[in-house]
Amino acid sequence: MSGPTGDTHGEPTPVTVRLDADQFKVAAANPRQMERTVAATFLLGLAGFVGFGAAYWVNASNAWLGVSLGAGFVGLGFGMVAWGKYLMPRGPFSESRHSMVPTKAEKARIISDFSSRGKVVVERRGFLVKILGAAGAVFGVVAMFPLIRSLGPLPKHFSEATHWHKDSYLVNVNGERVHKDDLEYGGVLTVFPEGDVGGALSQTTLVRQLPPKGEVNIVTAPGRETWSPLGYMAFSRVCTHAGCPVALYQELTHQLLCPCHQSLFDIGPGAAAQPVFGPAPRPLPQLPLYIDAQGYLRAQAPFDQPVGPSFWWRRD
Amino acid sequence: MIDGLYDWIDDRLNISGGGRKMVNKIFPDHWSFMIGEIALYSFVVLLATGVFLTLYFVPSSTDVVYHGPYIPLDGVHMSEAYLSTINLSFSVRCGLLMRQMHHWAANIFIGAIVVHMCRVFFTGGFRRPRELNWIIGINMLIFAIFNGFLGYSLPDDLVSGTGIRISYSILESLPLVGPYLANLLFGGAFPGNALIPRFFIIHVLILPALIAGLLGAHLTLLVRQKHTQFKGPGATEHNVVGAPMWPTFMAKTQGFLFLIAGITALLGAAVQINPIWLYGPYKPYLATYAVQPDWYMGWLDGALRVMPHWQTVIGGRVIIPNVFWPAVVLPGVTFTVLMMWPFIEQKITGDRADHQLLERPRDRPKRTALGAAVLSFYFVLFGASATDVLANYLNVSLNIVLTTFQVLVFVVPLATYPVALRICREFQATPGAGKTKRHNIVIRSADGGYSTVPTEARPGDTLRELEPVALDASIYLPALVGSPSYEPVDRAGIGARAAAGGTYEAVSVDDEAEGAEGDQGLAAATTGAEGGGRARSRVFRIPRNYRGG
Ligand code: HEM
Ligand code: FES
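If you read the protein sequences in the order shown, they are chains R and X. Every letter in the first sequence is one number past the one before it in numbering that gives the first Met the number 0, and letter 149, counting from 1, is 148. Every letter in the second sequence is one number past the one before it in numbering that gives the first Met the number 0, and letter 195, counting from 1, is 194.
Hints listed in this document are in silico derivations from the structure and should not be mistaken for laboratory results. Remember, it's a predicted structure, so these values are computed and weren't measured experimentally. Some clues are possibly wrong.
[Claimed, not checked] Heads up, incomplete: computed chain R residues facing chain X, CB under 7 Å, no partners named:
no.	residue
1	Q22
2	S93
3	R96
4	P154
5	A241
6	P244
7	H260
8	A279
9	P282
10	W312
Backbone N, C-alpha and C define an ideal beta-carbon position, used for all residues, glycine too.
Only chain X is shown next, with the shape it has when bound in the complex (with noise of 0.2 Å):
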């Protein structure tokens, strides 16, 4: 079936001859190259979590009242909105579920991004050839925080009302055209009538369609410019060492879908994310207290915070208002340095050559402190946006909570750099800090001296260590699945001739193992040979539908 299937798509497509150089396109074992995998499954999540959720949200403001089996609210006023947002809380069959997956993948989402932008910063990854990625992947980045914040703002909770209110006001700011821009965004003054149908439409079509866009550019990039990779044995400029896309990295990769899936369902399930119900319906007049927004907005709302009162005002006439700095000025310049940071760095090292190798961040101690300078400046700006929270819980006064905050962002990231430039020196000069070392036996004898012996190297010890095989001038991968390795056992007897022989040819592997899979295949796994379960537990069985080469 399959087999018709596949030769059908390809008497009319020809995938196998392009097809094959994607089946054996290697990736990186890195541990590093897997958070930019969990930014692209908890996309997925929220995808397949999201049109759930549009079956049963209704995106109006029209005023209705509340009966339903959450008592607290029976007879409310709210907004359609909040109102489907209740019902897929309590009435919907695993709604509920569905919002608190959709939520936490939200939040995982952009967590995955940043950690991902800063493993390709720290290591160099965005030299050139790969600047138009490093572009394309801020972009979404902005994107991703940007629907962030519009889906938090859709369920029209008293929570994320305020959040609306304080964007409006942000829009506002913009000098000269602010005015105009927030009210027709808004179908008029705050709160307008068209905020909500508007945002549910940017929120599940047009960002997620720019976001999936940027995705395929993205992955488009990677397979065309192929991947970066750590020096390491036989790790060169001119090669990619790893495992194959099938079926290595296929499995691992199907297995990280899954797992984040899983994760976000186990959230979903026991950790409860922004319940609306406790807060109410959104009413313009009422106040919140002590309420966070989400993660990735918590750096502009603790730059509001610890914005001095200042607005530049020229005649009697407000030129700049306050929040402009703050809330529009402050992640321009971030997102713009950010995005031109290739070529900035360029521009200051001269640097302009092909890199295919990262870089370890501790070899490059300026760029590292620098970028560890800037990030614990967004950290204390995160901080600040507690400061209400910790003047409570300090018990001391908000007015000495705050400048102390207004100190720190300045005072933080000029003690960071020194700092982190020194531990970059310091692990430079202890070369091989940082692998994973065997453990040491520490004895203590008789009379009292000690010694040290290793501990048993263990199975994962040498993994890396191995010299790279070059898959694509070497053998077909097909071979590699029948290939004498899984037969320590050695039925076929191919061990002893490839001793003898030296080399042997791969591919003709396939039949010989088929025949041992035909003929004693079963046998083998299931007498068990003396040696007990050591010998037997290594047979490695051909499925029955193999087909070999």
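The shape of chain R in the complex, shown without the other chains (with noise of 0.2 Å):
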């Protein structure tokens, strides 16, 4: 075992060394009572698992299936690492690190492999190289159009996004046609084109406010004089910021909602739906409404803009 002490390359060379040495004591003062604790958390740790198979058995509920299989690996887990901290040499040891560096000649043979050998044949057949990269090129190209394209449709012009036509039916959640006769002033809401009940992009919140003394209709923008008849005025409930639906209303000052991050828009006369708090940089598209000879109320026109948040080249 004690070889040379001068050899400093491969193995180290074993010395010999104090075997009382302090390091080598366990940690613990008391081992054997250590050793009592460590055998205790593993019975604890047993008969966790032993309850774990019962509880699951007998299909006990959540709570006893979690303790009885966390106290299972919780009991094996302490007394594993007590039993490492505790009742083995306490150390500490070392070894010896190496540094990462090669040396200047390791280097240089590397290099010198690699570019006898390989290098200069690949470098004499480059015109091999260059048909091979050409190939692979194209490949790369050509592979994009089946891994992208196959995902998903192209966007859709805006006008195609949402399911508002001219002259579609407002209808509620369970897709009945909204009357005029429907909502109190003050009332609130969602509404969908007929047969796009519950869609994404086209949610739409009908509110029903007084209209100004004397006037039937309200006016929120100049051009949009008949787009609230009877104080029915309807906005998209797709969000300016990041999409969320719109859908608190605030009765006392005429203001939409956004759950989200808080953002509010004034949908009192006038004002357009513009954000007035929060995060949302451009106002909620309206939808031009009329109340058609039945009493029914209906879509003017699509959206004149694309609902929902900012993207690349939208018109703002």
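Reconstruct the complex from the two isolated chains, following the hints.
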């Protein structure tokens, strides 16, 4: 075992050490007691696993299952950590470390192997490499088509994105057409175009506000004189910030609130759903309404702009 | 049996040749090295519980109607994904436990990665030659966050659906390619039809495989480059001081695996997480109130709120949508700077040397203060994700809360920097600060004077002061197990001989010890000499099947 001490290459040279050194003693002051503690935690673990099996068998509640399984693992875990920490040589021990930097000679060897064996051979047939490269590049480009194009359809023109058309009926969540007598002043309703109940992009909030004295319609902006008959006004429910449903209507302040990041949109007369608070950068698009001869609410036209958050090249 | 199997494999692969190095690999004892292990083992728990979940989860958005034991949802339309998660929670035996363990383990996993990263940052563990492992680590963090988000989205409940809606908008906000990318990935305009199956396969296969691969690389580099270590008795740039892989580290680390598994099981039993049956299935037009995403997404949610309502418009066209800044640029910059940090620091300090010894954070005050300031920035963003909850709770207007956070986001980091710098300097000026010290007993004498006496040293107090024993240059580890250190009673008389000879060669001890076991081991253990329990309690018994040297 005790080899020559001068030898520093290869295997480290074994040397003799005092075995009564403190490093070899266990860390526990009272190993026997620690042994008992470890045994006790292992037994707890064992009991835990047995309990888990039983709990599973009788289809016990989640709490029983989890507590027994947890006790099983925690018991074993504590025991093993204690075993390692207190009942094994306390150390510390060390090992030596060697530089990760190769010597110049090692470097030179591999470089010469590489260039003498491979590089020269390859360079001599450079045109083969070029053909290979070209084939690879073409494959790379061609492979993109099935990979990307098969994923899904390209974005539609925005007017096709929602299902609102000229003369679409407004329907509620159950698909029932909305009549002009359905909402009181101050009332609010989630509506969809007939045929797209629940549609993520078509969803629209219908609010009824008392028009200003002496008027029948509410005018939210110039050019929208006829859009809100009898105080019924409809706004896209898709937040212009990040797309959450703008679901809350605050009647007193005439504001719509988006619960996600608290953007507030003013839908009072003349306000055109301008954002007044929060991160939303644009007003909510408004849907022009009319009331037909039977008294049903219908769309004069689709939304005049894309609904939802901004994206590249969208008209502002 | 085991011996035979080992020989069989060994004769074909020669494990004995190089394996000894592994067996003797030294792991530093400092507690902070354990944090990475927590991350590792919560990943193991994620894999195990995740496989269970895949057996029952149905990744489909097909509309179905629920009929089952959870009455409030009886007859309700929902996606198959949501229905199968409800079944996991109420009908599959142990299903709820596995779900909750999976979710808890995910939170612990990402938390441990972040804390581990902070440890490496503040102690300079990322310096040359370990830049590569730092970069691998940051990538694992990114993948873990992504995978956490995808997993969170799978059950297709109202809360996670809202999160997906926001993530669609974020994707869409990328200049030039955004709308195309979002459409392709989701299989159409939101909500698309491909979302859940695609999220599923990324969540259960692609990202976990990537993480596992990186993890392998991470650990391989760790073994190849060996651990860093703190300065300490005998710890130099040219060695590693600590406990050997076998058996000490093995015992502890296995213990940690069990503890993590156990703790997630207890959490899964006692603390409800993500009760999707209360949220209901996702309907795009329904609102959610005051729900918070998992913690690791909180800073992004906060950033979305704090960002003012700006967007870049040129010539009547949107060029950069609002959410692009907080949700794409911010994380992009965050992770790029993180990944580049080893090189940025090299540039600043000009220090390109190899470093094996870690630094105490206080000894690099500027780095520490910078790290603290940056962390505080993300903490404020995290806080900002609760503006609505805070406004309700404090009963002040949302406006005030939001404006406060918009200010705090800048002020807190700026204030943190000098404070942290100062604390570091104070610590530097107080040698020994942070070490466990013995308690003092303060004694008041009869005439009113005070004096202090230190308490007695506890056994643990001196542990770290010992000089390390060089393992690769001294004895074989099996010798340790049978060494007389376990035998203060000294049945075999080794101590006496060792004392007489001054030194003793280790390998031969085993034979002696084994002999002792055969002859008197049991007797010594059971009879108990005078001196009672104490003498007996320190007898170490060698296992019967132990084969020495
Ligand atoms: C990086 C590792 C992983 C993370 C961070 C993670 C995270 C999550 C989270 C947070 C959930 C939501 C749980 C809930 O319902 O409350 C989830 C669900 C799920 N995970 Fe994972 N997971 C990981 C790896 C895996 C793996 C490897 C598998 C499968 C082999 C898996 C399978 C599943 C399944 C099937 C679900 C849906 C069932 C359900 O939601 O209950 N996960 N994951
Ligand atoms: S999605 Fe409406 S405020 Fe962010």
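Do the numbers back the hint for R:P154, that is, is its least Cβ distance to chain X under 7 Å? At about 5 Å, which falls below the 7 Å cut-off, the nearest Cβ of chain X leaves the hint on R:P154 intact, so it holds.
Would you check whether R:S93 satisfies its interface hint, that is, whether its CB is within less than 7 Å of any CB in chain X? holds, 4 Å
Any CB of chain X closer than 7 Å to the CB of R:A241? Given a least distance of 4 Å, the restraint on R:A241 holds.
Any CB of chain X closer than 7 Å to the CB of R:P282? Violated, about 11 Å.
Hey, does the R:Q22 contact hint survive, CB to chain X under 7 Å? Holds: closest Cβ of chain X sits about 5 Å from R:Q22, inside 7 Å.
Measuring from the C-beta of R:P244 to each C-beta in chain X, is the shortest one below 7 Å? At 5 Å from the nearest chain X Cβ, R:P244 passes the 7 Å test, so the hint holds.
Hey, does the R:R96 contact hint survive, CB to chain X under 7 Å? holds, 5 Å
Should the interface hint for R:H260 be scored as holding, given a Cβ-Cβ cut-off of 7 Å against chain X? The hint holds - R:H260 has a Cβ within 7 Å of chain X, the shortest such distance being about 5 Å.
Hint status (Cβ of R:W312 to nearest Cβ of chain X, threshold 7 Å): holds, 5 Å
Status of the hint placing R:A279 at chain X (closest C-beta pair under 7 Å): R:A279 check passes; min Cβ-Cβ to chain X is 6 Å, inside 7 Å.
When each numbered hint is compared with the structure, a violation occurs for hint 9 only.
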